[in-house]
Amino acid sequence: MRQILLVRFGEVFLKGQNRPFFMRKLIDHIRFAIREVGGNVWLSEGRIYVSDFSDLDECIRRVTKVFGVHSVSPAIEMPKDDFEAICAQAAEMMRPLSGTFKVLARRSDKRYPMDSPAIMREAGGYILEHVPHLSVDVNHPDHEMMIEIRDHAYLSVERIPAVCGMPMGTNGKACLLLSGGIDSPVAGFMIAKRGVELCCVHYHSFPYTSERAKEKVLELARLVSEYCGRMRVHVVPFTEIQLQIHEKCPENFTTLIMRRYMMRIAQIIAEREGAQALITGESVGQVASQTMEALGCTDEVVSMPVFRPCIGMDKSEIIERAEQIGTFETSSLPYEDCCTVFTPKHPATHPRKELIRKAEKALDSEALIAAALEGVEVIEVG
Amino acid sequence: MIYLDNSATTRPFDSVIDSMSLCMRENYYNASAAYKPALDVERAMNACRQAIITQAGAKREDEVIFTAGGTESDNLAILGAAATMRTSANFLVSSIEHPAVAETMARVERMGFEVRLMPINARGMIDLDACEKLMDEYTAFVSCMQVSNETGAIQPVAQLSAMARAKNKNVLVHVDGVQGFMRVPMNMSRMGVDLYAVSGHKIHGPKGVGALVVRKGVRLVPQMIGGGQERNLRSGTYNTPAILGLHKAVEEMAARQDRAQQLLALKQRLWAKLSVLDGVRVNGPAPDEADSAPHILSVSFDGVRGEVMRNALEGEWILVSTGSACSSHKQKVSASLRAMGLTDTQADGTIRISLGLMNTEEEMDAAAEKMEKLFMLLRQYRRR
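Chains as they are written, first to last, in my numbering: chain A, 1 to 382; chain B, 1 to 384.
Bound-form chain A, shown alone (with noise of 0.2 Å):
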């Protein structure tokens, strides 16, 4: 007898002839995510179960981030042939619970003498004649305990649930433009879910921004990656762009310009990275840059498509997506992403293309970004 975890997953089964593949990918990832608690992770009929870790909790805790897991139970896995022993056991695991109950049964041997509604129906016996404070309710039961018999038999009463989505890297690889805000982690998190492989751009303007505030967005990448796995942080210098802009381009303009040149460094990096998409945390109309004029004028400087996952949502509940996965109090840290120095009195909101292409023209674009590029930091998190 001992403890293990069973873990359900979401829309893999789905899959059709690429199944396979989705399961490999799930298996690594979860291999990965347990590492340090030891473990091995296997398939058997069609059902992953870890076991032989060292800390359930912990086990339970990163198994739970990855991606394509829909949930997990801490199951007990015994010998099936003594029926007897398993309703003992059942009924052990009952004991530290109240309310009411009923017994699931799933039966993949159809050799075993007794089938599922049998198993139900004595399990359930043994358990209310054993554990009395507790009731049956068919219908709405507060817990339902499960006995599955396969080469053993498992029994587990806890559910919890997991972040779903689609295995990591299983969707192709997309590159985020993280800043030190609360938005662009939560967009990061929202398309890796999807099984988007995750790099980042971070756009760093010392001395006007800090070491700290730095640190800050590596700190965010790495709680990012507890759940899509280590990625490259890029750390461009943008210093010499945002003076070049502030000085040559008229003021109103200033921040979507520069947005622009983010736009396209990100690209560059993008590509070479092997991405196929950019991901910003912009909402509709949440600030003079994210008007849908503004999205236009920064949309038109790339090719590849540009996800924005946090579009529709307001602020309130991309705060509250934060909290969920763990990003907003790193975020609400007061280290700036941006220096005042640069923030226009009053941003254009309804820019006109045509009048931001010329603004441009006063910059020699090429010679900027090469520059910036050149001075790339690559920093590994996860």
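Calculated from the structure, these hints are not laboratory results.
Heads up, some of the hints might be wrong.
Estimated spans, in silico, between C-beta atoms of each pair [unchecked claim]:
hint : chain 1 : residue 1 : chain 2 : residue 2 : range
1    : B       : Ser21     : A       : Ala371    : 48 to 54 Å
2    : B       : Ala122    : A       : Glu323    : 54 to 60 Å
3    : A       : Arg8      : B       : Arg107    : 50 to 56 Å
Straight-line distance between alpha carbons at most 30 Å, and here's what the computed DSS-like set of lysine-lysine pairs gives [unchecked claim]:
hint : chain 1 : residue 1 : chain 2 : residue 2
4    : A       : Lys25     : A       : Lys248
5    : B       : Lys207    : B       : Lys59
6    : B       : Lys370    : A       : Lys248
7    : B       : Lys373    : A       : Lys248
8    : A       : Lys102    : A       : Lys25
9    : B       : Lys370    : B       : Lys273
10   : B       : Lys373    : A       : Lys345
Here's a subset of chain B near chain A, in silico, CB distances under 8 Å, partners left out [what the hints assert, rightly or not]:
hint : residue
11   : Asn311
12   : Trp317
13   : Ala335
All C-beta atoms in this analysis are idealised placements derived from N, C-alpha and C, irrespective of residue type, glycine included.
Assemble chain B onto chain A, guided by the hints.
Showing chain B alone in chain A's frame:
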């Protein structure tokens, strides 16, 4: 690396590190134990008390209570005294105190006492005339820092104490000496100070240790309950390595009799080079005035945000802080600087340079040169 943030913390003297390491390696005994090796440690600790008494200008019979640092010393002084008083008493506190005092006073206010804020003038000094009007016979506790951690202004503690005592002879005068101890003279007896808080790590000693010097006869209620150490005023096993390290720091500082002069000379040398620049101003008393502490210089660079200047200096391996390190995380405009009449932009453009005994003249020259260079560069980019 040029370290100019000594008001945040200082680099310990090597001899401090050695004495701490020796204490941990060999004299690790619990100073309260009954055997002789423990007694030796206790004796060494008592020598530290004596050294602090001497340096604080206290009397032999006054008490030194070891704490975990300046913050705890301030807490014990204020909360410990408040617990002995009736709520008809009022407390006076300067408006530029460190949070260790200001936030504790907020607690005192919630306990039901009236807390009155002493205003400061444009030089960053408490306004004695205004203070006198705030005092009455129910003024039971007056708290004022010895040296402002933001501007280095030496506060007129003796006058304040005399003034308060004239209204109520039983008043307790508390001085947060964290930025002043051993760099600016203190004589508790002559200056009428009842409670004096000091910290180890600001005088090239270890972090996590400090002391509260308590004039004999002042009653405090302990804020840390337990095994009854420090005559029951501060329970908890003695942090002997830190206390012995603190002793060594006090000794080393005391051995350098010209220490204040040395720091002041460095500060004046630096200011002489900065003051000629157009758009640079000093906050608080000027470095050649008597009420300017020898080691703290608050400078505003017109049109350059302090934070940007600090970051840029860091890029040149020069470490300073904006405003005071304790408030720089919160990134709001310093209340002290605003109280001194600086505009938001001026206050926002302020850095604090603070010196220690390990700084050199060459460092001052190099720092001044870099500051000038960066100021000229950064001032070109203003918010339009």
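A closest beta-carbon separation below 8 Å is what the hint needs, so does Asn311/B meet it against chain A?
Holds. Min distance 3 Å.
Check whether the Cα positions of Lys370/B and Lys248/A lie no farther apart than 30 Å.
holds (27 Å)
Do the alpha carbons of Lys373/B and Lys345/A lie within 30 Å of each other, as the hint requires?
holds (28 Å)
Take a quick look at whether Lys25/A and Lys248/A sit within 30 Å of each other, Cα to Cα.
violated (50 Å)
Is the straight-line distance between the alpha-carbon of Lys373/B and that of Lys248/A 30 Å or less?
holds (23 Å)
Under 8 Å is the threshold here; is the Cβ of Ala335/B close enough to any Cβ of chain A for the hint to stand?
Violated, about 17 Å.
Do the alpha carbons of Lys207/B and Lys59/B lie within 30 Å of each other, as the hint requires?
holds (26 Å)
Tell me if the interface restraint on Trp317/B is satisfied: Cβ within less than 8 Å of some Cβ in chain A.
violated (12 Å)
C-beta pair Arg8/A, Arg107/B: status relative to the range 50 to 56 Å that was hinted:
holds (52 Å)
Given the hinted pair Lys102/A and Lys25/A, is their alpha-carbon gap at most 30 Å?
Roughly 35 Å between the alpha carbons, so the hint for Lys102/A and Lys25/A is violated.
Measuring from beta carbon to beta carbon, are Ser21/B and Ala371/A in 48 to 54 Å?
holds (49 Å)
54 to 60 Å was suggested as the range; check whether the CB atoms of Ala122/B and Glu323/A agree with it.
violated (45 Å)
Violation of the numbered hints given earlier is confined to hints 2, 4, 8, 12 and 13; the remaining hints are satisfied by the structure.
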